[in-house]
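K.L.:
Respectively, the protein sequence lines represent chains A and B. Numbering-wise (this note's numbering), the first sequence opens with residue -16 and increments by one. Numbering-wise (this note's numbering), the second sequence opens with residue 254 and increments by one.
By construction, these hints were calculated from the structure, which means they are not laboratory data. Careful: at least some of the hints might be erroneous.
Stated by the list, open to error - Residues from chain B shown here face chain A by an in silico Cβ test under 8 Å; the list is partial:
hint, residue
1, 265
2, 347
3, 352
4, 367
5, 369
6, 412
7, 414
8, 416
9, 417
10, 482
11, 633
12, 636
13, 638
No residue lacks a Cβ here, since even glycine has one placed at the ideal position from N, Cα and C.
One letter stands for each residue in the lines below.
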Amino acid sequence: MTFSFETSRRSVGLVFAGLSLSLAACDIDKTLTVRDPDVANPTSLNDITVLPTLRASAISDMQLAWTGGGGETGVVVESALLGDELTWAETFPTRGEMDQRNINPINGTLSVLYNNLQRARATADRTSAVYYRLQPTNPARSEVQALAAYAYIALGEVFCNGVPTSDFDVNAGTFVLGSPQTGVQLFTVALAKLDSALVNFDATLASNAQVANLIRVGRGRALLNLNRPADAAAAVAAVPTTYRYTFFHSENTGRQNNNMFLISLNFPRHSVSGSEGGTGLRYRLDSTDVRVYSPRGRGLALSPAVGADNSTPMFLITKYPSRSAPFSFADGTEARLIEAENLVRTGGAYLPVLNALRAALPSLIIGAPGPSSLLINPPAVAALPALTAPATQADQISQVFQERAYWLFMTGHRLGDMRRLIKHIGRNSETVFPTGTYFKGGAYGVDVNFPVPFQETNNPNFTQCLDRNP
Amino acid sequence: MNEANSQIVTVAGVLEQTVAFNDRLFVTGAVRLDNSSVFGAGSREFVYYPSFSSSYVISDEKWFPKAGFIDQLRLRGSVGEAGNRPTFRQSETFFNSVSVNTTSSDANVPAVTIGGPVGNALLKPEITREVEGGFDFNMLGGRIDGEFTAFQKNTRDLLVGRILAPSLGVAANQNVNLSKMTTKGLEGTVNVKLIDRTRFSFAQRVTVTTFKNEIGTLGSVDGQPIAPIIFGKQVFRAGFPAGAYYDRKILSYSDLNGDGIISRVNCPAYGGLASPILVGGGRCEIQLSDSLEYLGNPQPTRQVSFQSLISAFKNLQFNVLVDYRGGAKLYNNTREFRNNGGFANGPDFWDRNAPLSDQVKSAARAMGTSDGYIEDASFVRLSEVGMTWVVPAAAARILKSGGLSLTLAARNLRLWTDYTGFDPEVISNTGANFTTTDFLTNPPGRSYTLRVNFNF
Chain A
-16 MTFSFETSRR SVGLVFAGLS LSLAACDIDK TLTVRDPDVA NPTSLNDITV LPTLRASAIS
44 DMQLAWTGGG GETGVVVESA LLGDELTWAE TFPTRGEMDQ RNINPINGTL SVLYNNLQRA
104 RATADRTSAV YYRLQPTNPA RSEVQALAAY AYIALGEVFC NGVPTSDFDV NAGTFVLGSP
164 QTGVQLFTVA LAKLDSALVN FDATLASNAQ VANLIRVGRG RALLNLNRPA DAAAAVAAVP
224 TTYRYTFFHS ENTGRQNNNM FLISLNFPRH SVSGSEGGTG LRYRLDSTDV RVYSPRGRGL
284 ALSPAVGADN STPMFLITKY PSRSAPFSFA DGTEARLIEA ENLVRTGGAY LPVLNALRAA
344 LPSLIIGAPG PSSLLINPPA VAALPALTAP ATQADQISQV FQERAYWLFM TGHRLGDMRR
404 LIKHIGRNSE TVFPTGTYFK GGAYGVDVNF PVPFQETNNP NFTQCLDRNP
Chain B
254 MNEANSQIVT VAGVLEQTVA FNDRLFVTGA VRLDNSSVFG AGSREFVYYP SFSSSYVISD
314 EKWFPKAGFI DQLRLRGSVG EAGNRPTFRQ SETFFNSVSV NTTSSDANVP AVTIGGPVGN
374 ALLKPEITRE VEGGFDFNML GGRIDGEFTA FQKNTRDLLV GRILAPSLGV AANQNVNLSK
434 MTTKGLEGTV NVKLIDRTRF SFAQRVTVTT FKNEIGTLGS VDGQPIAPII FGKQVFRAGF
494 PAGAYYDRKI LSYSDLNGDG IISRVNCPAY GGLASPILVG GGRCEIQLSD SLEYLGNPQP
554 TRQVSFQSLI SAFKNLQFNV LVDYRGGAKL YNNTREFRNN GGFANGPDFW DRNAPLSDQV
614 KSAARAMGTS DGYIEDASFV RLSEVGMTWV VPAAAARILK SGGLSLTLAA RNLRLWTDYT
674 GFDPEVISNT GANFTTTDFL TNPPGRSYTL RVNFNF
């Protein structure tokens, strides 16, 4: 019998010795530690010097969730599709499902909308916690608390009952998965956050008014959603009519672009509606109202005549004439409209409030419609004629809700208002939402809100929406 | 202008020893050890991968029966472990820089947003232990030869990007080490020279492979059991193949009102919606399962190849290759996309003369299931037909060539399948967590090749 070895015993010994010496000679942990200059790690975002960056991050994530940008969708556009503000003029079926009120939980656009909104909420909550630890009375802490509250409000306004909110500890890497919450629970959490935000700093100082009024408008919005209009009116009473909290868009990066400009004037995805489905408000048909002025495109650059589907007429959003057009996130106009709603629902003198706003339009509107070089005879930015009151309270309420819709056109308020018309005012859903035959075939569905995307089923506490009620 | 930095440091060592006995029995033992910067900070320690293999030419033993028809028989066996490490940034949570404008001055200030995937400090390499055994043989004077192998791979700490609940408000997924996946199969190849003459020969090769994998328990992260991981229409779920198709099943359908259309009108709501349109009156024409059910394996479980080789007149060679794959399902997302009502241009959606079996696919999709579009992806393909002519040496010399041959080959000539997309081998998202889908992706083309080989 013969044996042959491909390595000798001596070579084995040498290898072991060499390996042992090599490993002993170097610090393995140090050797395996690499620098990653492109990103920030959680431990670098924990000291007082980065608080301004964290605040900016909370604003950035909220802006993306609300208005979209850089190819991402947002609350404003998608809620406008499900509501009566926009009509689907392109070919992506995920957005078509929204316009047609027949949304599948596997809808990819829905997933982006939900993810970004939850991310904005979590970022604001996380930032608030860092401020709480390092500078608890800094007004910026209250500001990011308020932003978190607005995210809760949006989750309650546009999604079904059953939205969970979960927590991730970025330092420990641990999860706490939440359970489904009703809209009322979400609005209650939002209100609690806003209440807390209002007492964490000196709201009486003039220098803090910007944040204080953001909180006040948010409280009014949350209370309206809780069907407490009198409390809502009281919450916003101190907000000046000219107040505005703005998201400033920019040409700088895609993420900072104004998405409402992108999906209308820049690339024709969605067209402004006019009496959509027979029940929607008139919007583009009210061509003399500068608040909703939406002319037919002229077939030019930044003025497309038909949508990306090459058939649907494009009626353009002129409120946001460029990538850098600012967006009014919360303002004094909304505060007055909250007061007007409380008055009309209690039989009070609501009309003077509405007419005062209409008279002050030039100082309240966010800018002239544009792009001015492409518009033929746009309505003047001038005071609107005074309204007269309809005979019945039901019609008066409709009048207030229409004024809300026009003042707050394409700001992410309308879908919540339509749901409130059903659940608080008692309207039938099919008299509020577009209904009947859908213009691209088939019929409108029955959705009045967005379902929670299927990815949430990776949360073992969640199965599906608790219900799809308004 | 952009910049991307990626740095991975690995410290590794390998030791291998082979021993031969009488040139009949060969034994190899080896061990490899690895540590890497991409392991999670909480699991950064050396990992050892031992392996052992042997082969034994048993037919060379004196005591082996000289039956006459077996020329050589070799037995093989091996057991060993190998690792698959995570990739850069998979174990660490990080934030990307973004810009934001917080004032009317259009001044952009730095901000960050959470990147992805979410880190996992306990992330470690997945380790596969493979045990295989088999034999190679040669018999009847070389007219028949072949090999047979049985294998089983037990993968532990399988690396999977699990989908996170979006309510966490972080990145969409996190890489985790799942507990266990088992893959086992058989593979056999036989070559037979059916005719072996000077001027004409005909050989046939047949290769048969069976393959089966199954997820074991999913394990836990931070003490929390990992729930079944859902990737769209596919899941990682204990007891099922990796990436198993999973959705509500179409149990039956019938045109109850005789209008020639399968419709979801009058169907109970699926997905929790109490819908006045869907629940009103009549009986439902589509019956779906109440819960998600297993719909099929995304990976083929059976493969067979037939290859025929013919030589004639010493300088003509022909080959024909036919492949079969079976046992897999494929999500025909292209067809679903075209029939979901968005474009209204697919006959499943709009054509009342379409077969009811097609209409139900689109209608069920509107009820939330893609079962109708998760199709059998079995096929038989005439993969290749080729001919090579070796030009006689005298003719080659005229062209100053030492050797000259012409090859004409045609590939992907014919496909037999019930799959309704372009091709059942189209996968739009190759390699992502075993997920497979056919979505707006070009199928492999048919090609004809004429090749001239010559040397000087």
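K.L.:
Against this structure, judge whether each hint is valid.
P.N.:
Verification of the hints:
no.: 1; hint: 265; verdict: violated (10 Å)
no.: 2; hint: 347; verdict: holds (4 Å)
no.: 3; hint: 352; verdict: holds (5 Å)
no.: 4; hint: 367; verdict: holds (7 Å)
no.: 5; hint: 369; verdict: violated (10 Å)
no.: 6; hint: 412; verdict: violated (17 Å)
no.: 7; hint: 414; verdict: violated (12 Å)
no.: 8; hint: 416; verdict: holds (5 Å)
no.: 9; hint: 417; verdict: holds (6 Å)
no.: 10; hint: 482; verdict: holds (7 Å)
no.: 11; hint: 633; verdict: violated (33 Å)
no.: 12; hint: 636; verdict: violated (35 Å)
no.: 13; hint: 638; verdict: violated (41 Å)
Hints 1, 5, 6, 7, 11, 12, 13 from the earlier list are contradicted by this structure; the remaining hints agree with it.
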